[in-house]
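The lines below spell out each chain.
Protein chains: 2
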Amino acid sequence: MAEALIGAVEAGGTKFVLALARKDGTILRETRIPTRDPRETFAEMADFFRTASASHGPIGAFGVASFGPIDIDPASPTYGTFTATPKPGWQGARFHDALGEFGVPVRIETDVNGAAMGEWLAGAGRGCRTLAYTTVGTGIGTGVVTAGTQLAGFSHYEAGHIPVRRDPARDPFGGCCPFHGDCLEGLAAGPAIVARWGDSLDKLEARETAVELVASYIAQHAATLVLMHMPDRLIYGGGVMHAPGLIAAVRRQAEVLLGGYVANERLDPGLERYIVLPGLGDDAGITGAIALGRQALDASA
Amino acid sequence: MAEALIGAVEAGGTKFVLALARKDGTILRETRIPTRDPRETFAEMADFFRTASASHGPIGAFGVASFGPIDIDPASPTYGTFTATPKPGWQGARFHDALGEFGVPVRIETDVNGAAMGEWLAGAGRGCRTLAYTTVGTGIGTGVVTAGTQLAGFSHYEAGHIPVRRDPARDPFGGCCPFHGDCLEGLAAGPAIVARWGDSLDKLEARETAVELVASYIAQHAATLVLMHMPDRLIYGGGVMHAPGLIAAVRRQAEVLLGGYVANERLDPGLERYIVLPGLGDDAGITGAIALGRQALDASA
Numbered sequence: 023m024a025e026a027l028i029g030a031v032e033a034g035g036t037k038f039v040l041a042l043a044r045k046d047g048t049i050l051r052e053t054r055i056p057t058r059d060p061r062e063t064f065a066e067m068a069d070f071f072r073t074a075s076a077s078h079g080p081i082g083a084f085g086v087a088s089f090g091p092i093d094i095d096p097a098s099p100t101y102g103t104f105t106a107t108p109k110p111g112w113q114g115a116r117f118h119d120a121l122g123e124f125g126v127p128v129r130i131e132t133d134v135n136g137a138a139m140g141e142w143l144a145g146a147g148r149g150c151r152t153l154a155y156t157t158v159g160t161g162i163g164t165g166v167v168t169a170g171t172q173l174a175g176f177s178h179y180e181a182g183h184i185p186v187r188r189d190p191a192r193d194p195f196g197g198c199c200p201f202h203g204d205c206l207e208g209l210a211a212g213p214a215i216v217a218r219w220g221d222s223l224d225k226l227e228a229r230e231t232a233v234e235l236v237a238s239y240i241a242q243h244a245a246t247l248v249l250m251h252m253p254d255r256l257i258y259g260g261g262v263m264h265a266p267g268l269i270a271a272v273r274r275q276a277e278v279l280l281g282g283y284v285a286n287e288r289l290d291p292g293l294e295r296y297i298v299l300p301g302l303g304d305d306a307g308i309t310g311a312i313a314l315g316r317q318a319l320d321a322s323a
Numbered sequence: 023m024a025e026a027l028i029g030a031v032e033a034g035g036t037k038f039v040l041a042l043a044r045k046d047g048t049i050l051r052e053t054r055i056p057t058r059d060p061r062e063t064f065a066e067m068a069d070f071f072r073t074a075s076a077s078h079g080p081i082g083a084f085g086v087a088s089f090g091p092i093d094i095d096p097a098s099p100t101y102g103t104f105t106a107t108p109k110p111g112w113q114g115a116r117f118h119d120a121l122g123e124f125g126v127p128v129r130i131e132t133d134v135n136g137a138a139m140g141e142w143l144a145g146a147g148r149g150c151r152t153l154a155y156t157t158v159g160t161g162i163g164t165g166v167v168t169a170g171t172q173l174a175g176f177s178h179y180e181a182g183h184i185p186v187r188r189d190p191a192r193d194p195f196g197g198c199c200p201f202h203g204d205c206l207e208g209l210a211a212g213p214a215i216v217a218r219w220g221d222s223l224d225k226l227e228a229r230e231t232a233v234e235l236v237a238s239y240i241a242q243h244a245a246t247l248v249l250m251h252m253p254d255r256l257i258y259g260g261g262v263m264h265a266p267g268l269i270a271a272v273r274r275q276a277e278v279l280l281g282g283y284v285a286n287e288r289l290d291p292g293l294e295r296y297i298v299l300p301g302l303g304d305d306a307g308i309t310g311a312i313a314l315g316r317q318a319l320d321a322s323a
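In order, the protein sequences belong to chains R and S. My numbering puts the first sequence at residues 23 to 323. My numbering puts the second sequence at residues 23 to 323.
Among the hints, a few may not be true.
What the hints assert, rightly or not - Output of the computed footprint for chain R on chain S, the stretches with three or more beta carbons under 8 Å from beta carbons of chain R:
{"id": "1", "segment": "37-46"}
{"id": "2", "segment": "69-76"}
{"id": "3", "segment": "126-134"}
{"id": "4", "segment": "189-196"}
Said to hold, decoys possible - Here are the simulated distance ranges between beta carbons:
{"id": "5", "chain 1": "S", "residue 1": "D69", "chain 2": "R", "residue 2": "D193", "range": "34 to 40 Å"}
{"id": "6", "chain 1": "S", "residue 1": "P99", "chain 2": "R", "residue 2": "A228", "range": "38 to 44 Å"}
{"id": "7", "chain 1": "S", "residue 1": "H264", "chain 2": "R", "residue 2": "Q113", "range": "39 to 45 Å"}
{"id": "8", "chain 1": "S", "residue 1": "T36", "chain 2": "R", "residue 2": "G170", "range": "38 to 44 Å"}
{"id": "9", "chain 1": "S", "residue 1": "A321", "chain 2": "R", "residue 2": "P99", "range": "34 to 40 Å"}
{"id": "10", "chain 1": "R", "residue 1": "G111", "chain 2": "S", "residue 2": "K109", "range": "55 to 61 Å"}
{"id": "11", "chain 1": "R", "residue 1": "G149", "chain 2": "S", "residue 2": "K109", "range": "46 to 52 Å"}
{"id": "12", "chain 1": "S", "residue 1": "H118", "chain 2": "R", "residue 2": "D290", "range": "27 to 33 Å"}
{"id": "13", "chain 1": "S", "residue 1": "A321", "chain 2": "R", "residue 2": "T231", "range": "52 to 58 Å"}
{"id": "14", "chain 1": "R", "residue 1": "G111", "chain 2": "S", "residue 2": "H118", "range": "45 to 51 Å"}
{"id": "15", "chain 1": "R", "residue 1": "Q113", "chain 2": "S", "residue 2": "R187", "range": "46 to 52 Å"}
{"id": "16", "chain 1": "R", "residue 1": "G125", "chain 2": "S", "residue 2": "D304", "range": "55 to 61 Å"}
{"id": "17", "chain 1": "R", "residue 1": "H264", "chain 2": "S", "residue 2": "D193", "range": "33 to 39 Å"}
Source of the hints: derived by calculation from the structure; they are not laboratory data. This one's a predicted model, so the numbers in the text were calculated from it and none came from an experiment. We put the CB at the ideal spot given by N, CA and C, even for glycine.
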């Protein structure tokens with residue numbers, strides 16, 4: 023019998039990355055489709071896997087790393103269903119419905135948990151026991167992996183929405199989070215940057231001041247993450263982190279905020295080895311999705 | 023052969039609670055001794071267990087819930103040793119040295135992890151999968167228990183030191199944390215309250231304003247804890263929480279900060295069932311220490 027293959031989905035708010043892969047991670051076929059409404063996108067997704075499977079062999083399990091909020095509790099009757107997402111049409115959409123025709127296990131995680139798993143397995147998080155992966159893009163989210171397991175409470179974490187210090191004299195922008203105004207995401211995610219300065223961080227002329235300001239918020243997240251999870255390493259990815267100088271400013275300000283209190287050899291002076299960019303770049307998500315599919319395959323074996 | 027007994031230690035900065043207990047939790051003998059220097063206190067501790075054991079039977083394991091910072095990594099060569107504690111004389115002191123004469127396993131956790139375990143087993147955290155216990159006293163610390171296991175990264179959490187928002191117009195006090203100034207502990211722990219108002223929160227005449235201010239910081243901790251751990255319940259204990267009206271003010275302000283973003287049936291309107299006082303009161307620590315001893319006993323069986 024042919025080895026069962028893995029269907030992997032990195033579901034983002036802008037695009038879906040779809041891959042058919044071997045259990046060892048080799049990608050046999052891959053495509054990108056725009057995220058439209060769930061009816062269209064789910065139909066294209068199923069079509070891709072149907073066609074790819076016809077060429078390469080049967081799919082044994084799916085791994086999905088998705089935008090959210092989404093129910094990621096395997097014991098829940100609505101596992102795999104989008105909940106209160108502001109993305110039009112997606113609330114109530116469920117991956118299991120779209121992939122049900124294949125009759126195989128489907129493992130769902132958030133996009134950041136998937137990327138955390140990918141980086142832990144094959145990227146900048148190799149060798150860590152506990153790894154925190156944060157994306158700073160359209161939104162901000164954090165996934166924490168410990169010894170190959172994604173941490174969660176009654177739901178996945180929402181660390182992008184923590185309250186942060188804002189000095190109104192330095193930053194009069196009141197934030198753009200529809201729930202919290204000036205929470206971290208409302209101040210430091212992509213839309214907040216465009217709302218404040220009219221362009222993305224890497225394109226601004228007077229970039230230095232803007233980078234320091236955005237870094238001041240991300241550094242508060244980093245310090246809080248250290249104090250509340252004590253990870254072996256912090257990875258910051260996502261579009262906003264492409265801005266030149268941003269990761270260096272985050273390191274510098276996080277070190278000041280921590281004030282030497284957490285004395286451990288993992289936190290090197292300057293934090294250059296502790297706070298890092300992703301090792302897999304844009305491939306963390308799909309790598310994590312394949313890993314999730316592998317877990318589903320192993321659990322069903 | 024007689025059933026092996028458990029030696030339990032709740033080690034606080036002011037006093038040690040010592041108990042000899044059966045595996046079912048029944049306490050056979052208990053005492054309290056003041057925390058002096060480690061030589062004296064450790065000698066009294068060993069003496070108590072020696073005498074109690076002579077009357078009741080052999081000790082099979084010790085469980086210790088201790089103040090810190092302390093090395094709680096069982097794989098570390100300095101497991102059970104106080105690290106950078108500001109408490110004079112205690113840095114470098116090690117529980118295993120003091121209890122080594124008994125020749126049995128010693129399980130060490132932080133005081134808050136011990137209390138979290140106690141509350142999870144027998145207090146206000148019964149029925150939870152993930153429980154966060156926070157003490158607000160001389161210091162502020164948080165322990166998180168999931169399915170009977172204390173969560174930790176490379177070290178125990180230090181959630182008392184997270185940065186929080188302070189409005190200098192409302193609170194000109196710059197905080198008293200020697201590392202961070204106006205972090206949570208520097209603004210809301212017992213010493214900060216005494217430094218600001220000259221007395222503890224429950225004794226102030228104009229208490230309402232002070233309670234609302236302290237609650238504003240604890241509520242930021244609560245909201246951050248929800249977003250970074252998604253616990254099934256938050257317990258707040260410690261001396262500061264005895265102040266009338268404080269827990270109600272924390273609930274009210276945490277609910278405002280969360281802004282309805284985390285929509286889950288666990289977070290009841292008003293958060294009266296979600297943010298609660300300890301169920302075991304002052305017994306959470308020793309109950310947790312007995313539970314730790316039981317784990318050590320079971321692991322060695």
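Against the structure, the hints:
no.: 1; hint: 37-46; verdict: violated (count 0)
no.: 2; hint: 69-76; verdict: violated (count 0)
no.: 3; hint: 126-134; verdict: violated (count 0)
no.: 4; hint: 189-196; verdict: violated (count 0)
no.: 5; hint: S:D69 with R:D193: 34 to 40 Å; verdict: violated, 59 Å
no.: 6; hint: S:P99 with R:A228: 38 to 44 Å; verdict: violated, 52 Å
no.: 7; hint: S:H264 with R:Q113: 39 to 45 Å; verdict: holds, 44 Å
no.: 8; hint: S:T36 with R:G170: 38 to 44 Å; verdict: holds, 41 Å
no.: 9; hint: S:A321 with R:P99: 34 to 40 Å; verdict: holds, 36 Å
no.: 10; hint: R:G111 with S:K109: 55 to 61 Å; verdict: holds, 58 Å
no.: 11; hint: R:G149 with S:K109: 46 to 52 Å; verdict: violated, 34 Å
no.: 12; hint: S:H118 with R:D290: 27 to 33 Å; verdict: holds, 30 Å
no.: 13; hint: S:A321 with R:T231: 52 to 58 Å; verdict: holds, 55 Å
no.: 14; hint: R:G111 with S:H118: 45 to 51 Å; verdict: violated, 60 Å
no.: 15; hint: R:Q113 with S:R187: 46 to 52 Å; verdict: violated, 32 Å
no.: 16; hint: R:G125 with S:D304: 55 to 61 Å; verdict: holds, 56 Å
no.: 17; hint: R:H264 with S:D193: 33 to 39 Å; verdict: holds, 38 Å
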